[in-house]
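Given the sequences, and given the hints that come with them, work out the whole structure.
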Amino acid sequence: MRVGKLGSFLAVAALSAVSFAYASGPAPVQRSMEEKVRHELNMLPYYGVFDDISFRVDGDKVTLLGEVWQPVLKLQAESAIKHIEGVKQVEDQIEVLPLSNFDDQIRFSAYRAIYGYGPLNRYLLGTHPSIHIIVKNGNVTLEGVVANTMDREMAYVRANGVHGAFSVKNDLRVENS
Numbered sequence: 000m001r002v003g004k005l006g007s008f009l010a011v012a013a014l015s016a017v018s019f020a021y022a023s024g025p026a027p028v029q030r031s032m033e034e035k036v037r038h039e040l041n042m043l044p045y046y047g048v049f050d051d052i053s054f055r056v057d058g059d060k061v062t063l064l065g066e067v068w069q070p071v072l073k074l075q076a077e078s079a080i081k082h083i084e085g086v087k088q089v090e091d092q093i094e095v096l097p098l099s100n101f102d103d104q105i106r107f108s109a110y111r112a113i114y115g116y117g118p119l120n121r122y123l124l125g126t127h128p129s130i131h132i133i134v135k136n137g138n139v140t141l142e143g144v145v146a147n148t149m150d151r152e153m154a155y156v157r158a159n160g161v162h163g164a165f166s167v168k169n170d171l172r173v174e175n176s
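Numbering-wise (numbering that gives the first Met the number 0), the sequence shown opens with residue 0 and increments by one.
A couple of the hints might just be wrong.
To be verified - In silico PhoX-like links for lysine-lysine, alpha-carbon gap of 20 Å or less:
(1) Lys73 x Lys87
(2) Lys87 x Lys60
(3) Lys73 x Lys35
(4) Lys35 x Lys87
(5) Lys60 x Lys73
(6) Lys135 x Lys168
(7) Lys35 x Lys81
(8) Lys81 x Lys60
(9) Lys35 x Lys60
(10) Lys73 x Lys135
What the hints assert, rightly or not - Pairwise CB distance ranges, derived in the manner of DEER restraints:
(11) Pro70 x His38: 21 to 29 Å
(12) Gly115 x Asn169: 15 to 23 Å
(13) Lys87 x Gly117: 43 to 51 Å
(14) Tyr116 x Lys87: 39 to 47 Å
(15) Pro118 x Glu84: 37 to 45 Å
(16) Phe165 x Lys87: 35 to 43 Å
(17) Met153 x His38: 25 to 33 Å
(18) Phe101 x His127: 23 to 31 Å
(19) Phe101 x Arg30: 36 to 44 Å
(20) Asp57 x Asn147: 27 to 35 Å
(21) Asp57 x Glu94: 14 to 22 Å
(22) Met153 x Gly47: 20 to 28 Å
(23) Arg30 x Tyr116: 31 to 39 Å
(24) Asn169 x Gly47: 13 to 21 Å
Because the hints were derived from the structure by calculation, they are not lab data.
Keep in mind it's a predicted model, so treat the numbers as computed, not measured.
Glycine is no exception: its CB is placed at the ideal position from the N, C-alpha and C atoms.
See below:
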């Protein structure tokens, strides 16, 4: 069967239009500065259960807050935020927690006590655990978000039973409250 010039032209035009439509795709969605910063912090490879990083955005200035277990994470966080388009200044107020075998033992014991308990192990799912365990000089602080008050109190009770911990501060927030 022979295809005329008009048929060939129409076929090429249709294929070009389809490929152009797919190539252009949907219009890019503009994300706010807070979303960009949150995304970059969530992409940090060493950000984990023993770290807590928060931030504040004031125009083109980003202030990083919190505590980290490994010193390299502080540097990675600051570097990642500096590369966001629109950020002119980064104020890094992240505290590096003291490197201590004693604190490490408490960290791992608290981790096992909280996440090894059946009703709380669901908070370990996902890329970043919901309950962060911050240990500084033998003192434990629980940071993050839980679904209900019972889980908040249960995490506190479990952490409070960790041998060697001097104190436990419960800064867990209940979701939607």
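Checklist entry - Which numbered hints are broken by the structure, listed smallest first? => result none
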